[in-house]
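Q: Residues per chain are reported as follows:
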Amino acid sequence: MLRIAGGRVYDPANGVAGEVRDVCVQDGKIVDDVPSHARRIDASGKIVMPGGVDIHAHIAGPKVNHARKMAPEEHREDPLERTALTRAGTGGTVPSTFTTGYRYALLGYTTVSTPPRRHCRPATRCPSCAIRR
Amino acid sequence: MPEPATCNGCGLGCDDIEATVSGGSIDSLACTCPLGDAWFAERTSDLPPLARVDGRETGLDEALDAAATLLGSARMPLVHGLGQATIEAQREAVAVAEAIGGVLDPAGPVLDGAGGRAIQEVGVSTASLGEVRDRSRLVVVWREDPVSTQPRLLERLRLDRASRGDDRTLVVVDAERTATAEEADTFVELPPELDFEALWVLRALVTGAPLGDAGAVPVPAFERLAGALRECVHGTLMHGGGLSAGPGGHMRALALLLLVRDLSHEAHVVAVPLRREGNALGAEDVLAWQTGYPSAVSFARGYPRSSPGEFSAAGLLERREADAALIVAWDPLGSLLPAPAAEGLRAIPTVVVDPRATATAAAARVAIAPAVGGIHHPGTAHRMDGVPLPLRAVLESARPADHEVLAGLAARLAPEPAEATA
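Sequence lines, in order, name chains A and B.
Position 113 (the first sequence) corresponds to 115 in my numbering; numbering is contiguous.
Position 26 (the second sequence) corresponds to 40 in my numbering; numbering is contiguous.
Simulated from the structure, these hints should not be mistaken for laboratory data.
None of the values given here were measured: they were computed from a predicted structure.
All residues carry an ideal CB built from backbone N, CA and C; glycine is no exception.
Treat the hints with care, since some could be wrong.
[Stated by the list, open to error] Distance windows between CB atoms, simulated:
no., chain 1, residue 1, chain 2, residue 2, range
1, A, V66, B, V247, 53 to 61 Å
2, A, G110, B, D337, 31 to 39 Å
3, A, R78, B, R334, 22 to 30 Å
[Said to hold, decoys possible] Below 25 Å or equal to it, Euclidean Cα-Cα: the simulated SDA-like pairs (lysine to any residue) are:
no., chain 1, residue 1, chain 2, residue 2
4, A, K65, B, R170
5, A, K65, B, G400
6, A, K31, A, A107
7, A, K65, B, P224
8, A, K65, B, S139
[As the list claims (entries may be wrong)] Covered by chain B, according to a simulated footprint, are these stretches of chain A (three or more residues, beta-carbon under 8 Å):
no., stretch
9, 62–69
10, 79–92
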């Protein structure tokens, strides 16, 4: 059980637009209230909102990875040290994958999707892939 | 009923292979080349024991515990190879290198690392094999004999004499008349020590810069080649590992990419590297997406740093700086390392994860032979033009996959989250 207390809540789907209030969570669901002994997070002065979802990102495709190989000096200037919970990486215009995920999380995103690449089989005999592959 | 299969025997990644399977083994293969036949045969017959420690057969857990102890206590452990491992295994290998604060170099400057470094400096205009096949009217193969090293390349690109039309031209630049040169319209004989000078001469001829003293470079042949490159509708420079191998390889690769950049003002010409290892490009890609750098990465400070030369596998071994090594799907002692580096590798304890019985595995303190991606379990590989290919399982195996073995090693080396936060 969790009480996120005193934050400015934005929840467009439920018509909540900047109201300062508590958000209570029990068994993974938002509920009206939780007992006073529930874990409490003080969110005063902060925004409380649903996790962002980026349905079409470019984090792991071949082309963005090609860009990632460019400009190594940017990576050198922005290293991310390994911690007990997070992997090491680098930043720059195209950060490494773990770093990208951590920075998305800092922005409030909980879900990021790179569209999967379509595979034909066997590619060498697929007319629709004649140019691309 | 034949099973569809993908060959990972060279960088070409032929995914039109048909494997006829019965009784748990491959009866026959269709559409393979001699290299492909050898790749499947080497990984399906006379497999070494699953796990050995100091030459003694053990269970997998004991071998992984011994490997974790060995690598976890090293001062500068090296993770090397990966050119024939799956993408999934390569990801786990990066996790291992990070957990032990080691150095990861997929191949080193003696092979492909120099090419990746050159790409970092000037970029590259490149294309998929499909585009080369369907659009390139002029293909130049520089310092490689794909008839031997990527045997189906000419067939796949419709560049063999039988299927090449009159409107397409194949040029080979090499030190001797190779089998590929025999298939070519034009062969330019060039000793390897003149690669850089010849590429610089080509740049001058393409841009109209003063030529000056061209030394021993056969200028008339390159004048004709420069003219053809400037006038072609779509051209491709395919360069082999020989161009970037050895001292100065980075500068030769750089010269070729600069030539392609010069040509971009005149024509649509692209560069495509010819890779001998099935997933060498995948190793560079995985390392790049997890660290930002394609080769020679050190995690010693807790974050990735790349310094080709300083952290290249061959250099670390030659200078005796590495004190333990994890070798994945690679046989550097077989013939791939220069002799001084091979001596350095023999002098340190090693962990080898490779399905084959290799010279490197025979010399290892811990040797683990997992199932093979593309034969016993599915996986992913990156073809030499960067196209990801799914690898399919055609046989069953009780052995764990290469990525499962490396994940087990990484789990032993990295603290569990609960432990980490305690």
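Q: Could you run down the list of hints and mark each one as holding or not?
A: Going down the list of hints, with the structure as the test:
{"no.": "1", "hint": "A:V66 / B:V247: 53 to 61 Å", "verdict": "29 Å, violated"}
{"no.": "2", "hint": "A:G110 / B:D337: 31 to 39 Å", "verdict": "44 Å, violated"}
{"no.": "3", "hint": "A:R78 / B:R334: 22 to 30 Å", "verdict": "27 Å, holds"}
{"no.": "4", "hint": "A:K65 / B:R170", "verdict": "23 Å, holds"}
{"no.": "5", "hint": "A:K65 / B:G400", "verdict": "9 Å, holds"}
{"no.": "6", "hint": "A:K31 / A:A107", "verdict": "20 Å, holds"}
{"no.": "7", "hint": "A:K65 / B:P224", "verdict": "37 Å, violated"}
{"no.": "8", "hint": "A:K65 / B:S139", "verdict": "12 Å, holds"}
{"no.": "9", "hint": "62–69", "verdict": "holds (count 4)"}
{"no.": "10", "hint": "79–92", "verdict": "holds (count 10)"}
The structure does not agree with the numbered hints 1, 2 and 7 stated previously, though it agrees with the rest.
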